[in-house]
Every structure is written in structure tokens, then in C-alpha cells.
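Chemist: Residues per chain, in single letters:
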Amino acid sequence: MSSNAIHIDVHHVTRVEGHGNILVDIDNGEVKTVRWSVPEAPRFFEAMVVGRDCTEVQPITSRICGICSIGHTFSSLKATESAFGITISEQTRRLRKILNHGENLQSHILHVGYLALPDLLKVGSVIPLATTHKDAVLLVVKLHRLANETCDIVGGRTTHPIRTCIGGFTKVPTEKELAGLLARFESAIPDLKTLAAVVKSVAGGLPDFVRETEYVSLTDPAEYALYDGIIKSTDVEGAIPVDQYLRVTNEYMNSQSTAKWAKFNRESYMAGALARFNNNHTQLPPLAKAVAADLGLAAPCCNPYFNTVAQVVECVHSVEKTIEHLQWLIDKGVKNEPVSFKPREGRGVGAVEVPRGILFHDYTYDKNGKCVKANCIIPTNQNHANIQLDMDKLVPQFKDRGKDELQLMLEMLVRAYDPCISCSTH
Amino acid sequence: MKPKVAFFDFACCEGCQLQVANLEEDILGLVNLVDVVEFREVLTGSAPEYDVSFIEGSITRPEDEARLRDIRSRSKVLVSYGACAATGGVNKIKNLWGNIDKVKKEVYDKDAAMPHLETYPTKAVHEVVKVDYFVHGCPITRSEFLKVVKALVFGTTPDIPQYPVCVECKMLGNECMYDKGGVCLGPVTRAGCNAICPSNNVSCEGCRGAVPNPNNNAMHEVLAKYKLSVDDIKRQFTMYALDPEVGK
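As you go down the protein sequences, you meet chains H and P in turn. Going left to right, the first sequence walks through residues 1 to 426 as the numbering used here numbers them. Going left to right, the second sequence walks through residues 1 to 248 as the numbering used here numbers them.
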């Protein structure tokens with residue numbers, strides 16, 4: 001094969017959630033094929049919930065994703081609560097926000113430490129790093145454990161939470177448990193600084209690639225949006241109400257993917273940590289802002305590889321905000337709040353920012369609270385077209401680097417999006 | 001030589017392999033015991049054969065069935081782990097529609113006939129290939145997974161509970177979900193989760209599948225005591241593909 005002919009066929013990209021393939025053909029220096037495809041088996045969740053009682057809908061749709069089951073839980077509960085006209089207490093909102101942060105921290109740490117770092121340290125997985133970079137790995141494990149145990153304590157279980165229900169919680173943590181968490185979160189601040197320093201020391205290995213695109217996320221006048229908010233796009237003046245999400249997502253099928261694709265004002269848009277950072281960075285708390293500056297992350301950043309860096313910044317944000325919420329709950333005292341509600345006929349949409357971006361659940365119920373129609377739009381659905389268009393630009397730009405480097409850059413690009421592929425196929 | 005271990009997944013949320021990652025420091029100990037040769041979500045690498053394969057997820061397409069058979073042929077021991085693999089889990093809810101074309105139409109509408117969206121009624125792993133061991137739950141319980149791995153490494157048979165969730169729940173001193181006005185599948189569901197749902201004030205949904213030889217009479221006595229009918233609990237049996245015979 002001549003040096004200007006390259007064939008890349010990555011069947012099932014590793015260190016990502018789910019099954020995705022990369023195909024590139026360059027012949028005589030000319031780029032013939034660049035394809036990001038998803039062969040994941042669809043599971044038909046929108047059909048599963050049809051005919052089910054409202055109390056069963058969230059336990060089922062939580063199972064769309066193992067990594068962001070808490071985010072699915074809240075999009076689902078918010079959609080149902082909106083359909084039934086239910087408002088939640090401030091205690092419930094704070095407990096949910098802690099879970100939302102706990103999941104983001106867990107997922108981001110998993111991605112940065114276990115999935116992305118091995119590329120920058122030129123190994124195939126985190127396993128050899130346990131010997132060569134033991135302190136860094138133990139730090140990652142410690143932060144990951146803290147995030148998971150927070151979700152265990154508040155949600156009853158970290159994957160597929162148990163205590164979260166329509167209107168509130170079936171059981172709340174004790175003040176002793178919250179105080180224990182608060183102490184651990186306070187001591188996590190220096191650990192995060194160390195993690196940021198490790199990432200900074202290898203961030204020079206992130207490819208220098210820029211493609212300006214549309215960035216879509218939630219936005220909230222009160223804070224850097226995760227749990228609450230309305231839709232913001234870099235291409236649109238003003239915000240868009242959540243119940244008008246179909247204007248934004250415009251999902252469509254494509255023969256190269258079993259997961260649906262999405263587009264808004266351009267051929268693609270990006271959701272996730274980098275989109276949130278670009279849209280809402282001025283609202284980050286002080287330490288997260290300082291870490292962003294130290295890591296060289298400045299908005300607008302149009303290098304998709306920096307999504308991983310934005311995740312590090314968001315880890316700091318989540319720790320800072322969790323401390324605030326824990327303190328509030330400890331000051332006010334937590335109490336069991338019995339929940340009761342009456343189903344009513346209607347439709348509700350819920351949106352939450354989850355680790356990989358903005359997530360929508362949309363349900364229609366009959367008068368008995370039986371689900372008659374559902375639609376779930378996953379962040380990775382919204383990123384598939386953007387990954388393809390990034391590849392379309394990246395391959396011609398870097399084809400002279402040779403097969404091995406080009407292939408690694410493409411795999412790293414997919415990993416940078418931290419895609420949840422089986423979730424996007426659902 | 002350390003046993004060569006591999007992890008594979010089919011139609012599922014990958015939440016059970018996340019429980020393996022969530023073992024935290026214990027994984028570092030685990031990789032001293034076994035040689036993880038293939039695990040797409042965690043590492044880059046592959047191997048021609050395996051001493052133990054862990055299979056997560058349900059089978060819903062002919063190409064997945066072929067891939068699973070190939071893995072089986074290259075594995076000495078095969079473990080089906082997590083509800084999607086062990087019983088079909090929530091993926092079997094679609095089978096209740098009785099007509100796969102209607103299921104496809106509900107989700108993909110006008111695109112439902114696209115060839116790459118082909119699917120058939122969900123099968124559990126043991127409905128396609130021989131399974132040597134099961135790890136139940138949605139998601140699996142981390143400590144139980146560790147117990148199974150250790151037993152396999154040391155050549156013993158993993159001790160999986162053969163009694164219902166009610167036993168664990170009573171030992172914890174929980175108030176019965178039926179007394180709280182709920183409908184709970186604890187009397188017929190296999191234990192091993194330490195009654196995690198009732199302990200958090202939520203009825204058992206049966207994610208670990210039916211206990212072997214479930215005591216149907218006891219279930220009927222519970223229903224009679226709380227003035228409930230089989231119909232009241234039937235729908236719950238369909239959440240995790242619990243054998244409907246149990247409720248009869």
C-alpha cells in the first residue's frame with residue numbers, strides 16, 4: 001500500500017460505552033470514505049412504556065442507561081410531574097441536585113481517568129497505569145468512590161436509583177450521613193486540584209483541531225445549569241422553552257446508524273460539557289473558573305477534544321455545588337416528606353443536563369395515569385452528526401500523519417465526546 | 001497461570017459492567033487474580049479464547065446470536081450476568097406486544113422498515129447458548145459478582161441464594177411492603193440483593209427473577225390476606241420477565 005493510501009476499519013471502538021465503528025478510505029491521497037457508524041441493537045424503550053402505569057415509567061426508562069440512570073430518572077420524573085402539575089419541595093430539589101452532581105462527577109471521573117487518560121499516557125487501558133502511575137490511579141478511584149457513595153447514600157443505589165419517585169423521595173438520608181459526606185467533599189478539593197494538575201501535565205497531547213459548531217445546552221439565570229433550565233443555543237438569540245424541544249432536536253434516521261441523529265440550525269450541533277461550558281461558563285463557581293483558566297480552557301472553545309478538559313472543570317463545579325447543597329440540608333434539617341399525587345390526562349416534557357449533554361423525556365398520559373406515548377432524546381443522539389462532521393474535517397486535515405496516528409486521533413475524537421452509544425440507540 | 005477473562009455486552013444499558021468498575025479499589029485486587037483480555041468499554045485488546053466469558057445484555061438480532069455462539073465456542077466457562085442476560089429483563093417487555101412490526105412502528109414510525117433496524121422478540125442468553133453460571137439483578141450486586149469471580153478462580157461453585165427476598169427483608173427487620181399498602185414480589189423473587197428495594201421503601205420488582213421452586217401457595221396466601229387478586233400483581237411480573245406461571 002502506498003503512503004498516500006490509507007484504510008482504517010475500527011470495528012467497535014474501545015473505551016466508549018456501546019458499539020461504534022470508524023471507516024476511512026484514502027486512495028491516492030484522495031479521501032473516499034469517512035464514516036462514523038453505530039450498529040448497536042435498538043431496545044425500543046418508547047414502546048416498552050406504552051400502556052404502563054406512571055409509577056413504572058421511571059423505573060423502566062432509568063434502564064436506558066447504566067451510566068446516566070440518575071439523569072434519566074430526573075428527566076422522566078420531571079416530565080411526569082409536569083404532566084400532572086406536581087411541584088416539588090426545596091428539600092427534594094436539593095437532594096436531586098446532589099444526585100445530579102454525584103452522577104456527573106462519577107461519569108466524568110470515569111471518562112477522564114479510566115477512558116481518556118490512557119490515550120494521553122500511550123497505553124491501552126487504566127490497568128498498566130495502576131503500576132506506572134499508582135498515585136494518580138488511586139486518586140481517580142477515590143474520587144469515583146466518593147461520587148458513587150454519595151449516590152448510594154442519597155438515592156439508595158448509584159445505578160438505577162431506588163428512592164427517587166414522582167414528587168420526591170421514598171426515604172431520605174440521615175443528617176449524620178450528610179455530615180459525613182460534607183467532610184469528604186471538603187477534603188476532595190485538594191484531590192481535584194491534584195487531578196487537574198495531572199490532566200494539565202498531559203493536555204499538550206490533545207490534538208490541535210478546531211471546528212466551530214452550534215452548541216446546545218440548558219441555561220438557568222440562577223446558576224450553571226444542570227437540573228433546572230431552559231434551552232440555549234449559540235446560534236439563537238434568547239432561550240427556548242423546554243416543551244418546544246422538538247424545534248431543537250429534529251431527529252431523523254440515517255442508514256449508517258441504528259441511533260437517530262439530530263440537527264438544529266446547521267447540519268449538526270454539540271451537546272455535553274463543552275457545550276455547557278461555552279454557553280454558561282460565566283456562572284461557574286470560583287474554583288471551577290480558576291481550574292478552567294489554569295487548564296487553558298476559554299470560551300468559546302471549538303476543539304472537541306477539550307470536552308474532556310471541560311469535564312475536569314465540571315468535576316470541580318460539582319464538588320463546590322454539592323458542598324453548598326449539603327450545607328443547606330444540614331442547616332435546615334432533613335425530614336421525611338410523604339408524597340401523594342393524582343394522575344391527570346396530559347403531556348409533560350422534562351429536560352436535565354446529564355454527563356453527556358441535554359436529555360429530554362416527553363410523555364403523554366391518559367386520565368388514569370397510563371402512559372400512551374413517549375419520546376426520549378439522548379445527548380449522544382444529538383452528538384452523532386457532529387462526530388461525523390468533525391471526522392469529515394479532521395481526516396483531510398491530518399491524513400499526512402499516516403494511518404496509525406490518524407486512527408488514534410479518530411478514536412480519541414469519539415472518546416472525547418464520551419458517547420453513550422447504547423443509550424442513544426435505546 | 002491466571003485465568004483469561006473477557007467481558008461482552010449485547011442489548012443492555014451496560015450498567016452491570018459499570019458495577020465491575022464500581023468495585024473501585026477491589027478491581028486492582030481482582031486484576032491480580034485474573035487476566036482481563038477483552039473488555040471493550042475499559043481496554044483496547046482482544047484474545048482468541050477465554051477461560052471465563054461474562055455476557056451482559058439480551059439477544060435481539062440474528063447477527064448478535066451468531067456473535068454470542070462464536071464467543072461461546074471460544075469460552076471454557078460462560079457466565080450470564082445482569083437481568084437483561086439472565087432473564088431478558090426489561091427488554092422482554094417488547095415481547096408482550098405480540099407483534100414486532102408494531103413495536104418498530106411505535107419507535108421508528110415511517111423509517112421502521114429500514115433493514116438495519118431489524119429486531120426479533122428478546123431472548124435471554126441461555127435461550128441461545130449454554131450458560132454455566134448466572135449473576136442476577138438489575139443491576140447486579142457488586143459483592144455477589146465478586147463472590148462468583150472468586151469461586152470461579154478457586155474452582156468452587158458460587159453459592160447463590162435459593163430462597164426469596166422476603167427472607168433477607170425479614171432478617172433486616174423491615175416493615176412488610178404489603179402492610180404499607182404496596183404490592184411486592186419479594187415472596188417469589190430470588191434473594192441476594194439484601195432486599196435493597198424494600199429497605200428503601202420501594203416494593204420488589206422481581207429483577208433477580210423467580211426463586212427456584214417458588215412457593216405459589218404462600219404467594220396466594222399473601223394476596224388473600226391483603227385482599228388482592230392475581231390481576232393486581234400480574235403487570236408487575238412483566239417488568240423483569242418473571243415467569244407468569246409463578247403468579248398463577
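By construction, these hints were calculated from the structure, which means they are not laboratory data. Glycine residues also receive a C-beta, built at the ideal position from the N, C-alpha and C atoms. Treat the hints with care, as some may be off.
[What the hints assert, rightly or not] One side only, chain H facing chain P, incomplete, derived with CB under 8 Å:
#1 H7
#2 H11
#3 A41
#4 I67
#5 S125
#6 L246
#7 N250
[Said to hold, decoys possible] Examples of chain H residues lying across from chain P (beta carbon under 8 Å, computed):
#8 A47
#9 P59
#10 T158
#11 R163
#12 I166
#13 S255
#14 F398
#15 K399
[Claimed, not checked] Not close to chain H: a few residues of chain P, all C-beta gaps over 10 Å, as computed:
#16 A11
#17 G57
#18 S229
Chemist: Run every hint past the structure and note whether it holds.
Modeler: Okay, the hints, checked on the actual structure:
Because the beta carbon of H7 (chain H) sits about 19 Å from the nearest beta carbon in chain P, more than 8 Å, this interface hint is broken. A distance limit of 8 Å between C-beta atoms decides the matter here; for H11 (chain H) the minimum to chain P is near 10 Å, and the interface restraint is violated. A cut of 8 Å between beta carbons decides the hint on A41 (chain H): the least distance to chain P is about 4 Å, and the hint holds. For I67 (chain H), the interface hint holds, the least distance from its beta-carbon to any beta-carbon of chain P being 6 Å, beneath 8 Å.
With 8 Å as the threshold, the beta carbon of S125 (chain H) comes within range of chain P, its nearest partner Cβ sitting at about 3 Å, so the hint holds. A distance limit of 8 Å between C-beta atoms decides the matter here; for L246 (chain H) the minimum to chain P is near 14 Å, and the interface restraint is violated. The interface hint given for N250 (chain H) is violated, since its Cβ lies 14 Å from the closest Cβ of chain P, which is over the 8 Å cut-off. Proximity of A47 (chain H) to chain P holds as hinted, the smallest CB-CB distance being about 4 Å (cut-off 8 Å).
For the restraint placing P59 (chain H) at the interface with chain P, the shortest Cβ-Cβ distance is roughly 7 Å, inside the 8 Å limit, so the hint holds. Here the hint on T158 (chain H) is kept, as its CB sits about 7 Å from the closest CB of chain P, short of 8 Å. Checking R163 (chain H) against chain P by beta carbon gives a least distance of about 5 Å; that is within 8 Å, so the hint holds. The criterion of a C-beta within 8 Å of any C-beta in chain P is not met by I166 (chain H), whose closest approach is roughly 12 Å, and the hint is violated.
With a least beta-carbon distance of about 6 Å to chain P, the hint placing S255 (chain H) at the interface is held under the 8 Å criterion. Of the supplied interface hints, the one on F398 (chain H) is violated, with its beta-carbon coming no nearer than about 20 Å to a beta-carbon of chain P, more than 8 Å. Of the supplied interface hints, the one on K399 (chain H) is violated, with its beta-carbon coming no nearer than about 22 Å to a beta-carbon of chain P, more than 8 Å. Not every beta carbon of chain H lies more than 10 Å from that of A11 (chain P), the smallest distance being close to 4 Å; the non-interface claim is violated.
Chain H draws G57 (chain P) into its interface by the beta-carbon criterion, the shortest separation being 8 Å against a cut-off of 10 Å. Residue placement check: S229 (chain P) keeps its beta carbon more than 10 Å from all beta carbons of chain H (closest about 16 Å).
When held up to the earlier numbered hints, the structure conflicts with 1, 2, 6, 7, 12, 14, 15, 16, 17 and fits the remainder.
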